[in-house]
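*Asks:* Guided by the hints, dock chain D with the ligands onto chain L, whose structure is given.
For the record, the sequence lines run as chains L and D.
Note that the numbering used here gives residue 110 to position 110 of the first sequence, counting from 1, and the numbers run on in steps of one.
Note that the numbering used here gives residue 233 to position 233 of the second sequence, counting from 1, and the numbers run on in steps of one.
Label pairs and their in silico Cβ distance ranges:
| hint | chain 1 | residue 1 | chain 2 | residue 2 | range |
| --- | --- | --- | --- | --- | --- |
| 1 | D | D308 | L | I195 | 39 to 45 angstroms |
| 2 | D | N45 | L | G23 | 44 to 50 angstroms |
| 3 | L | D12 | D | D180 | 48 to 54 angstroms |
| 4 | D | V174 | L | D69 | 51 to 57 angstroms |
| 5 | D | T192 | L | M196 | 42 to 48 angstroms |
| 6 | D | D308 | L | E164 | 36 to 42 angstroms |
| 7 | L | I195 | D | E219 | 37 to 43 angstroms |
| 8 | L | Q48 | D | A51 | 47 to 53 angstroms |
| 9 | D | S127 | L | E248 | 53 to 59 angstroms |
| 10 | L | N24 | D | K164 | 29 to 35 angstroms |
| 11 | D | T166 | L | I195 | 52 to 58 angstroms |
No lab work stands behind these hints, which were simulated from the structure alone.
For every residue, glycine included, the Cβ atom is placed at its ideal position computed from N, Cα and C.
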Amino acid sequence: MKILVIVRQTPDTEAKIQANSSGNGIQTDDIKWILNPFDEFAVEEAVQIKEKTGAEVVVLTVGAERSVDAIRTSLAMGGDSGVHIKDDSFADMDSFALGKVIGSKIKSLGDIDLILAGKKWIDEESSQVPIQVAEELDIPQATLATKVEVDEGSKTVKVTSVIEGGEEIRELKLPAVVTVEQGINEPRYASLPGIMKAKKKPCEEVGVDGINSDEIGIAADALGSAGSRVKTDNIEIPTISRSLKVLEGNDVQQASAELAKLLREEAKII
Amino acid sequence: MSEIWVLVDKAQDTVRNVTYEVLSAASKLKEKNGATVCAVYVGDNSGAIEADLGKYGAEKFYKIENPALKDFNPSLYAAALSEVIKKHNPDIVLGGNTLQNQDFLPRVASRTAAGLCLDAIDVDMSSSSTLQVKRYKYSGKSIATISFHDVKPMIATVRLNAFKPTEGSASAEVVSESVDLPSDENYKVIETKIIPKERPELTEADKIVSGGRGMANGENFKVVYDLADSLGAGAGASRAAVDSGWVPYEMQVGQTGKVVSPNLYVAVGISGSVQHYAGMGSSKVIVAINKDPDAPIFQKCDYGICGDLFDVLPALTDEIKKLG
Ligand SMILES: Cc1cc2nc3c(=O)[nH]c(=O)nc-3n(C[C@H](O)[C@H](O)[C@H](O)COP(=O)(O)OP(=O)(O)OC[C@H]3O[C@@H](n4cnc5c(N)ncnc54)[C@H](O)[C@@H]3O)c2cc1C
Ligand SMILES: Nc1ncnc2c1ncn2[C@@H]1O[C@H](COP(=O)(O)O)[C@@H](O)[C@H]1O
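In isolation and in its complexed conformation, chain L is listed as follows:
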């Protein structure tokens, strides 16, 4: 069995976000980049399935030169090989275009049984890429998995998914796309030997000519933002202006009464 995990690199969660000079993106100069925290759960799930079944785990990302680090981190956690789609022509793609590019590459990889992904990317939060991939490949998907059970014999996967107000158990024919919910497992830390080994694992670099753009219905010169359907016009950083009325809690009853009154009369919120 072969599992593909799609991962993405993201600014560190501590990172201070500032608009860039054109105003429609962020300044990336001083930013520290990490593997998208949600994707760690997808990688961990894949590695756990590998430990049970001997599956092979391939990790794929689309992104700039630096995003190979997201692959290396995943390989250090136990992935076997990487695919890095890294042409500049892919910059500024929306999730629709990303889904097409990733789907096309998966078609040419062939024999993938299960595609795992994070539930969303913490920066753009488009929450669409994995579903676009499933649609592109015309295979089923289950999102927000809290449990994933692969049955190699019947070529199915049983997924417990979070739904509004509860949960649902679904059975999907493989190949299928599954996005995992945070907390499905405890992602392991990459150990030092793991990191050393990861450096030697194979990672295929794919440029624009490595993607069959005829097949995905986007002309090669219409990749990137030109192959997208939505675009970001501008980014604002909301300023925090709060009234900062902090009461001393020496006399708790009095402070509480005052707070309740403020919430009713000043904030008019209760």
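*Replies:* For chain D with the ligands alone, coordinates are given in the frame of chain L:
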């Protein structure tokens, strides 16, 4: 005449409030482009809801009903809606940012060559033809304005609570659409469990009380629940409380938890880390209860009490109850 579609969200026999919120967003757009506001139901049986939909502004009601749509299945729902979109060519399709819509609209966008933007906090038209969407990016850290390239339809989901329902006086003309759907051997629902909740869902809640590491253990969350119940609020937590195993992950608020924007957010024993703030910083009023006067949360809240939460919470719960 061009149309704006609003997806109907129905639980058991009632239309969920989010539908009316989205109808109100659609009515705002209608003022710009004069389009007809249409409600659209996809499922096995809508029941008689057209009067309710009309009351909140729907002028037309497309019913896409098919027994195969009884259980939610993203591919079949996408097939059904896409077919009817292709037939009527609406300019804009809106829905609530519910898990179900998030699960199948990306497929609809692919099939209908539409653009899609999820989780709008506001919608507008820059001209009579281009939809503009405001949404958060980088969790609560920035607000982006997104516009659509030259595509139709333009599809967006709207965050819960972002719009207030407004009553109109339309009466919705019912149009039934039948769709042929194949059976889907690739996707089977085995079991659906609805787990009754004691408190409002965080993403829908108008008020939230959350506890952090200061709670010290799971049992102590009782004081958080008591305050929440006195306010009719949902109950949340910081990641520190979740990681310690005191409360389940579904309660986590933050950049890697739920992103919420209630009218009132009470942070109890929470220091106010960047990651927590990213999930609740857009709340209208933020209240902090913390014993450390230097806790960062006191630099980014509206009201606070500096004191021991175990003293403050019972007292505050009392005072709220007194106000009635
Ligand atoms: C990749 C990543 C993602 C993350 N995502 C999230 C996220 O989604 N959500 C999130 O919340 N965090 C997240 N974090 C963690 C975040 O960095 C903080 O560690 C976390 O928010 C701290 O939780 P806390 O405020 O409850 O705990 P602390 O920072 O330990 O604060 C506890 C506070 O309680 C106060 N206190 C203690 N006892 C009492 C008492 N008796 N009475 C009153 N006050 C008391 C203390 O003064 C202190 O201010 C993430 C971190 C990383 C690295
Ligand atoms: N550029 C990318 N390369 C590979 N995988 C991606 C990329 N963007 C998103 N994904 C995957 O899709 C998930 C959801 O991302 P998004 O749809 O952008 O919120 C992520 O958690 C990743 O698993």
